[in-house]
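Student: Given chain A, put chain B in place with the hints provided.
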Amino acid sequence: MNEEMMQPIDAKLRELLQAARPEPALPPGFQSNVWRRIEKGEQASGWILERLAGWVLTPRLATAGLAAVVLLAAGAGAMRGMRTGEQDARDRYVASVDPSYLQR
Amino acid sequence: MSMNRAARTVLVAALLIPCVAVLAYVGTMRLCARQMAADDLSWLKREFRLSDSEMQRIRQLHEGYLPKCREMCGKIAEKQKEVETSLLNGEVPDQKMVELATLRAQCQTQMLRHFQEVSQAMPPEQGKRYLSEMQRLTLGFHQTFERAMGDMPSSGHVHGDH
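Those protein sequences? They're chains A and B, same order as listed.
If you're matching positions, the first sequence starts at 0 in numbering that gives the first Met the number 0 and goes up one per residue.
If you're matching positions, the second sequence starts at 0 in numbering that gives the first Met the number 0 and goes up one per residue.
Bound-form chain A, shown alone (with noise of 0.2 Å):
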């Protein structure tokens, strides 16, 4: 008698909260423009990927890219070289002079 009472309060007490919290209906075709996006995810980096390595295998332009590289590299060693150079050539004389200035 007890379950009897309940079941048309239940039914009511759910068609209450369905309208206090209605659910939207999904636009036609969601699932699949869901994928769809996935996939060209996929195939924009799977291009980037393919581009990079096409230029990487392009000798004209992996030689000149090296080149590039090499020469940047080699510049900023010949600064950093000089600058430590001198320093060393600087401590070298004066240690050739004073032969306490290294142990200081």
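Simulated from the structure, these hints should not be mistaken for laboratory data.
Some hints here could point you the wrong way.
Chain A regions said to be covered by chain B (calculated; three or more residues, Cβ under 8 Å) [as the list claims (entries may be wrong)]:
id: 1; stretch: 48-57
id: 2; stretch: 63-69
id: 3; stretch: 75-81
id: 4; stretch: 92-102
Beta-carbon label-pair distances, calculated as ranges [said to hold, decoys possible]:
id: 5; chain 1: B; residue 1: L30; chain 2: A; residue 2: G53; range: 33 to 39 Å
id: 6; chain 1: A; residue 1: V68; chain 2: B; residue 2: L65; range: 43 to 49 Å
id: 7; chain 1: A; residue 1: P58; chain 2: B; residue 2: R128; range: 51 to 57 Å
Bear in mind that the values here come from a model prediction, so they are computed numbers and not experimental data.
Positions of the beta carbon are idealized from the N, C-alpha and C atoms, including for glycine.
Tutor: Using the frame of chain A, we list chain B on its own:
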């Protein structure tokens, strides 16, 4: 090109390029540093823009000074050893300490005389700059040290500490 192969190619390039860059950087840096400090006097020539004839004169002075400097260093080291031996034997080596200080003073005087001779072999402006730079680099250290000791508060200055 398959996706995997493209990824592998890019990965190899991404590893290889930094390695090549590091090699180029380190190689050039060492080469330049070695070139700059090729011999004892290479810094003098560059820093004071000296001509070949000035360098020749300075090289003569330098080579003449080195044996005297070595001899003085030998004497100082010998006296230092004597002082240490006396201290180990529990003696107070007053006289030896005076002799050691005298040798050090003679060594510094000889060094200053050499700086003066070298500065005179340079154009006047460069010579003046050389002299002050050498005094700063050699005697300056002692002066800074002594000044720092002089500025110390008397409570923190314990003679037994040095």
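Student: Would you mind marking each hint as holding or not holding in the structure?
Tutor: Checked hints:
1. Restraint check on the stretch 48-57 of chain A versus chain B: 7 residues with Cβ-Cβ distances below 8 Å, three needed, restraint holds.
2. Here the stretch 63-69 of chain A counts 4 residues with a CB under 8 Å from a CB of chain B, which clears the bar of 3, and the coverage holds.
3. For a cut-off of 8 Å, the count of residues in the stretch 75-81 of chain A with a CB near a CB of chain B stands at 6, and the three-residue condition holds.
4. Only when three residues or more bring their CB closer than 8 Å to a CB of chain B does the claim for the stretch 92-102 of chain A stand; here the count is 7, and the claim holds.
5. Between B:L30 and A:G53 the beta carbon distance is about 35 Å. The supplied range of 33 to 39 Å therefore holds.
6. Remark: the range hint 43 to 49 Å for A:V68 to B:L65 is upheld by a beta-carbon distance near 45 Å.
7. Against the hinted window of 51 to 57 Å, the Cβ-Cβ separation of A:P58 and B:R128 comes to about 54 Å, which satisfies the hint.
The earlier numbered hints are all upheld by this structure, with none contradicted.
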